[in-house]
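**Q** So you can see what is in the structure, the chains are spelled out below.
There are 2 protein chains.
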Amino acid sequence: MLFQSTVPQFIKMLTNLNAILDKAAIHAETKKFDVEVLLNSRLAPDQFNFIRQIQIACDTAKLGCSRLTGKEAPTHADTEKTLPELKARIESTVTYLQKFTDADFADSATRKITHARWGDEYLTGEDFVQHHALPNLYFHITTAYSILRHNGVEIGKKDYLGKMPFKK
Amino acid sequence: MLFQSTVPQFIKMLTNLNAILDKAAIHAETKKFDVEVLLNSRLAPDQFNFIRQIQIACDTAKLGCSRLTGKEAPTHADTEKTLPELKARIESTVTYLQKFTDADFADSATRKITHARWGDEYLTGEDFVQHHALPNLYFHITTAYSILRHNGVEIGKKDYLGKMPFKK
Numbered sequence: 001m002l003f004q005s006t007v008p009q010f011i012k013m014l015t016n017l018n019a020i021l022d023k024a025a026i027h028a029e030t031k032k033f034d035v036e037v038l039l040n041s042r043l044a045p046d047q048f049n050f051i052r053q054i055q056i057a058c059d060t061a062k063l064g065c066s067r068l069t070g071k072e073a074p075t076h077a078d079t080e081k082t083l084p085e086l087k088a089r090i091e092s093t094v095t096y097l098q099k100f101t102d103a104d105f106a107d108s109a110t111r112k113i114t115h116a117r118w119g120d121e122y123l124t125g126e127d128f129v130q131h132h133a134l135p136n137l138y139f140h141i142t143t144a145y146s147i148l149r150h151n152g153v154e155i156g157k158k159d160y161l162g163k164m165p166f167k168k
Numbered sequence: 001m002l003f004q005s006t007v008p009q010f011i012k013m014l015t016n017l018n019a020i021l022d023k024a025a026i027h028a029e030t031k032k033f034d035v036e037v038l039l040n041s042r043l044a045p046d047q048f049n050f051i052r053q054i055q056i057a058c059d060t061a062k063l064g065c066s067r068l069t070g071k072e073a074p075t076h077a078d079t080e081k082t083l084p085e086l087k088a089r090i091e092s093t094v095t096y097l098q099k100f101t102d103a104d105f106a107d108s109a110t111r112k113i114t115h116a117r118w119g120d121e122y123l124t125g126e127d128f129v130q131h132h133a134l135p136n137l138y139f140h141i142t143t144a145y146s147i148l149r150h151n152g153v154e155i156g157k158k159d160y161l162g163k164m165p166f167k168k
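Just so you know, the protein sequences line up as chains A and B, in that order.
Position 162 of the first sequence, counting from 1, maps to 162 under the numbering used here, and the rest follow consecutively.
Position 38 of the second sequence, counting from 1, maps to 38 under the numbering used here, and the rest follow consecutively.
In case anyone wonders, no lab produced these hints; they're calculated from the structure.
Keep in mind that the hints are not guaranteed to be accurate.
Just so you know, same-sequence chains aren't split out, so a pair can sit in one copy or run between any two.
[Claimed, not checked] Heads up, simulated DSS-like pairs for lysine-lysine below, C-alpha to C-alpha not over 25 Å straight-line:
1) Lys157 to Lys112
2) Lys112 to Lys167
3) Lys71 to Lys157
4) Lys157 to Lys31
5) Lys12 to Lys157
6) Lys31 to Lys168
7) Lys158 to Lys23
Quantities reported herein were computed from a predicted structural model and do not represent experimental measurements.
Make the full structure from the sequences, and use the hints.
**A** Here's what the structure looks like:
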């Protein structure tokens with residue numbers, strides 16, 4: 001069950017984010033400015049910039065699934081400076097996520113999720129997904145989206161949400 | 001199961017949002033400007049303002065649970081203009097959500113969720129929560145948060161996330 005509420009949705013949201021980056025590139029090209037201006041933008045002087053928002057969104061998905069399953073995650077050095085590097089970061093994260101199966105999450109709901117910052121306290125896997133992983137993922141993707149939106153990139157909520165799995 | 005991943009989290013996030021509104025009020029008071037300036041702010045000229053973000057966040061929770069359970073939702077006229085009115089809107093939504101029980105969601109996962117805009121297509125309740133209700137709720141709360149953050153209100157991610165249900 002925790003597989004279903006994490007992996008496919010993380011992949012979907014990161015894929016949407018990757019497409020949003022393409023729209024940022026098009027906007028910069030059209031307006032003839034360096035896209036790295038956008039990548040280094042933020043909404044407040046003491047807020048993480050766009051690059052860092054993307055890195056954290058990726059890590060929320062990557063480390064979230066790693067913690068929930070005990071499967072080791074690839075390391076990323078957080079050195080991205082360009083749009084192609086940021087897109088590669090997202091794609092590498094998606095590739096990692098795509099290897100998970102439902103079976104990897106068999107004991108995730110009751111697994112004790114710990115964190116250096118949490119001392120000797122823990123969250124159950126189920127609480128971790130609901131209170132930490134999902135709200136954090138959406139927070140950083142929406143913040144990245146907002147930085148672009150504020151700077152005139154032509155994106156809308158549909159770019160963020162992606163396709164709905166409609167049935168007939 | 002869908003009760004657990006919606007109602008308590010919707011209540012928590014709206015309660016966090018309500019506390020964020022109090023911080024906006026304090027900021028306006030300290031800086032001696034009318035808080036309604038913040039309420040009418042937005043990050044892009046064609047984006048919904050702060051008030052509308054709060055209204056949509058509330059409706060995402062309210063109408064989401066109503067659709068998932070078939071239980072009628074109270075109507076709200078979307079006429080809020082002041083901070084106390086916005087807080088009342090949030091509180092009225094929370095009061096509605098608090099009446100739900102696990103049993104109300106017994107058939108929600110497989111329920112067909114329809115929408116005037118979706119024509120004859122539908123989402124299963126499970127897909128609706130994952131692809132629509134949760135991403136939308138977090139989107140509008142984070143956007144409201146970002147509008148305040150951009151305007152100097154002293155809030156951080158902890159205000160958005162709220163308390164973690166840590167265990168020892």
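**Q** For every hint, state whether the structure bears it out.
**A** A quick look at each hint next to the structure:
{"no.": "1", "hint": "Lys157 to Lys112", "result": "between (35 Å within a copy, 23 Å between copies)"}
{"no.": "2", "hint": "Lys112 to Lys167", "result": "between (37 Å within a copy, 9 Å between copies)"}
{"no.": "3", "hint": "Lys71 to Lys157", "result": "neither (33 Å within a copy, 27 Å between copies)"}
{"no.": "4", "hint": "Lys157 to Lys31", "result": "within (22 Å within a copy, 33 Å between copies)"}
{"no.": "5", "hint": "Lys12 to Lys157", "result": "both (14 Å within a copy, 23 Å between copies)"}
{"no.": "6", "hint": "Lys31 to Lys168", "result": "neither (42 Å within a copy, 54 Å between copies)"}
{"no.": "7", "hint": "Lys158 to Lys23", "result": "within (13 Å within a copy, 30 Å between copies)"}
Hints 3, 6 from the list above are not met by this structure, while the remaining hints are.
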